[in-house]
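J.: First to last, the sequence lines map onto chains L and F.
For the first sequence, the numbering used here gives the first residue as 1, with consecutive numbering after it.
For the second sequence, the numbering used here gives the first residue as 1, with consecutive numbering after it.
I should point out that these hints are in silico values taken from the structure, not numbers from a laboratory.
Quick reminder that beta carbons are idealized off the backbone N, C-alpha and C, glycines included.
Check each hint, because a few of them may be wrong.
If you want the footprint, here are the derived chain F segments under chain L, 3+ residues with CB under 8 Å [what the hints assert, rightly or not]:
no. : region
1   : 50-60
2   : 79-87
Which stretches of chain L does chain F cover? Using the computed rule of at least three CB atoms under 8 Å from a CB of chain F, they are [claimed, not checked]:
no. : region
3   : 24-36
4   : 122-128
5   : 201-208
6   : 411-421
Computed spacing ranges between beta-carbons, pair by pair [stated by the list, open to error]:
no. : chain 1 : residue 1 : chain 2 : residue 2 : range
7   : F       : E465      : L       : S382      : 54 to 64 Å
8   : L       : E227      : F       : R447      : 26 to 36 Å
9   : F       : G301      : L       : S250      : 38 to 48 Å
2 protein chains.
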Amino acid sequence: MDDLAGMHWDSLQFDSGGATPIYRQLSDRLAGWIREGALADGSRLPPTRELAGRLGLNRTTVAAAYEALEQEGLLQAHVGRGSFVSAPARPAARLDWEARWKPSLAAPQTLAPAEAGALNFASWRPAAEPWAIERLRRAATEVLAARGPAILDLGPAEGYPPLRELLWAQMKREGIAQPGDELLITSGCQQGLDLAAKVLVGPGETVLLEDPVYPGARDLFRAAGAEVRGVEVGPGGVSMADLEQELARSRPRLMVLTPSFQNPTGASLSLDARREVLRLASRFQVPVVENDVYAGLRYKGNRTASLKELDTQGLVIHLRSFSKAAFPGLRVGWLVAPRAVARRLAAAKQLTDLHTDQLSQAVLARLAEDGTLAKRRERLRSAGAVRLEAALEAARRELPEGAGVWTPEGGAHLWVRLGEPSDASELALRARAHKLLFVPGRYFAVRRPQTSALRFTFAGAEPDEIRRGFEILGRLARARPSRAAAGTRHGIPALV
Amino acid sequence: MDDLAGMHWDSLQFDSGGATPIYRQLSDRLAGWIREGALADGSRLPPTRELAGRLGLNRTTVAAAYEALEQEGLLQAHVGRGSFVSAPARPAARLDWEARWKPSLAAPQTLAPAEAGALNFASWRPAAEPWAIERLRRAATEVLAARGPAILDLGPAEGYPPLRELLWAQMKREGIAQPGDELLITSGCQQGLDLAAKVLVGPGETVLLEDPVYPGARDLFRAAGAEVRGVEVGPGGVSMADLEQELARSRPRLMVLTPSFQNPTGASLSLDARREVLRLASRFQVPVVENDVYAGLRYKGNRTASLKELDTQGLVIHLRSFSKAAFPGLRVGWLVAPRAVARRLAAAKQLTDLHTDQLSQAVLARLAEDGTLAKRRERLRSAGAVRLEAALEAARRELPEGAGVWTPEGGAHLWVRLGEPSDASELALRARAHKLLFVPGRYFAVRRPQTSALRFTFAGAEPDEIRRGFEILGRLARARPSRAAAGTRHGIPALV
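This is chain L alone, in the form it adopts within the complex:
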């Protein structure tokens, strides 16, 4: 019985000079046919002798191929009857995964991508200019030539030593690294938050965040099972009265603050407020994670000392990142903390991803040395200053009466308040129809959805685009008297 007369046996060609033995070439092809269904489940393969003859192969070669297929579970041999295809079945009774997610996990949010040609004020990433890419190419070539074996081998959890030393010196110069501190390189600032959650926050414990806040922080701590509480943010950053009240009431394990150019509001804490944060942290003995990711993006005014610089009691874990001023596709950030904390975080990091990618660490070290990062930051600052001015000016001119913005001195975001009652989500939907993208305020809420506010990210757009954006925004905000917010949740254009 020649079961498989219809098969294209003659299409089987073998390469006798290659590294893969002939029997393996044969079994691989047959396995492919079985998986594709070309050889049906239960069908009988030709006897080894017969197939060997047809293919001009040794019989033992075909027998070895059949044995390999048996081993892979694709063939079953029955003595005296032959070899039968045992195709992987795909039956209906599948595991019910839906019942298995940890209860703390929110359903993943869908991020609607920005359409081409839209005016995108929903997100910003520093675009890599050709000169910067060229420098990065050169840096990659140089570091691989000089230290290829070390870069491509496993490295220390704490970070690639040359980059770590360089950042440590920088942190000392900035007054951030103190005696007794240690520096840990992370896979971006987001990982700094993840490690803090892993080391310091147990399920059911409370974490204080700003409200509104960067959703990636809120969702991370919620997913870790924490109880997340929000502290109200005003134009001068978190409210001290609210912070004190929340500290007294909920005795949190941790507070996470972005003292400069907070996402989404752009608000910054004054020096006095920073001192007060530390007094409160000390009084309630609550550690502070200082997310200083926008640190380098001040466009005007004087630099205010970071919480870490002002901290004299080892209360602060200071998070930084290359992503806002270098290249966000390279996932490298760092943190500075009292040594005991940094070491625990490093141990947690080792269990998370062993260490941060070393090629990117080495490239960034090189770009820090050769001045590329400084030059890039300078250019981002010049561009940012012009864009911020354009945005503030356009907001003043275009927004309807009762609406307004807070006025940051740096960063990427403007917080636009439309005046009550307005529904920024509904407005975002109409704006999208006009190819204008921004993120409605409620997306950033911890507990108090600011339905009449929105985040307008100015840092990635040209002044002309910003002016057009505000013109459309103002027109749409005036066009339909806004209704009280009761709308459904709309598509979320971006995460960062």
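Let chain L serve as the given structure and place chain F on it in line with the hints.
T.: Then chain F, alone, in the frame of chain L:
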């Protein structure tokens, strides 16, 4: 009163052509002096007019510098009295971090580095050969030229699209990716485990692992608060009887298995045993994380189908990595799982580190396309085959009576059993004095420390070194009749 007559004011030089304004250059220098203690806490700075005269600057410039220092908290102005240094104090009352670690966190283990010149059988990483580094350099240059802006921008959580497509095609060819599955790129295989813990395991819930097991898996799930239980591993992999009993008894949320060349034992499950694992997983409705990180490192015998290939009920999350056969310093791995699972894992990944480093993803995609990875795997396989033979042969010859090894067909590790009663930790200590490094068995224990066994990692050494290693090991094992294990825990040479 000229308070600071001793200061080297004349050392202050200013660059009037630079991007940094003069007042900022002055305040930066003064901030440095304050932080270094050169300007002591409480000392009075010269009046602005006086310092301006001394430095040849405009008085407003000096005033602006003082204001900047005030803003940074380094100076306090008292009307009518002058400006006083307010150096950051470092008092004693520091936060008690030790009371704050999550109880599930073990103290970090110290990894003793291998001495230079030692015979290192404690760990293995594929060394990057010059030809491979050269290809990698070329790949980096090419991908940055072709797709620099996309690579350096933020990317999707699921992975860099070209690499993801390429791996998906490979996984389909291997029979691992099924209709309804999805592929997620991870920051190494370790992250696959971390994400599974985040999505599927709550605190106090049980996870089944092999015993002995890769410590990075055990410690990760413990740190996540899980109850970790071990299933006994024999020469043929986990014991089916023990697995069934543990499944019935502890109803775990998850089991994690390495069916091929398990770390540390080198043991592999037979095809029948794999089918039985899936039957049990289905019967108890327990998902399986299949850690197939050694998949490409078979040196002899036929490939056995992976659990994922045999799975017809969507029970398996299949983990892979580039690190064992490419470059471990590039932290890139991937997983294949039923779509709903893969998407949850992707959402968890986004909260963990946004996405995997894109430069390394792009470089690895290029090296997969141009055949470099295949060539490298081929060379690792040839070297591994010779090394495995040398190790098995030397073990037979050198080990004392009553001792022996299990005989893997691939991977990196041999499991050496010294015979009872022996203390492999004590032996490791004596061996270290002879510059011979291996990892004692108890390091890998979940619940049953195998005090008389050790892991001998053969894959990174030349046959000559392997023979010398076993010669020393045999001699030391014979030299002192081993005592029952009661020793303390010795330094741990390596994690992977």
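J.: Tell me, which hint numbers fail for this structure?
T.: Of the numbered hints, 1, 2, 6, 9 do not hold.
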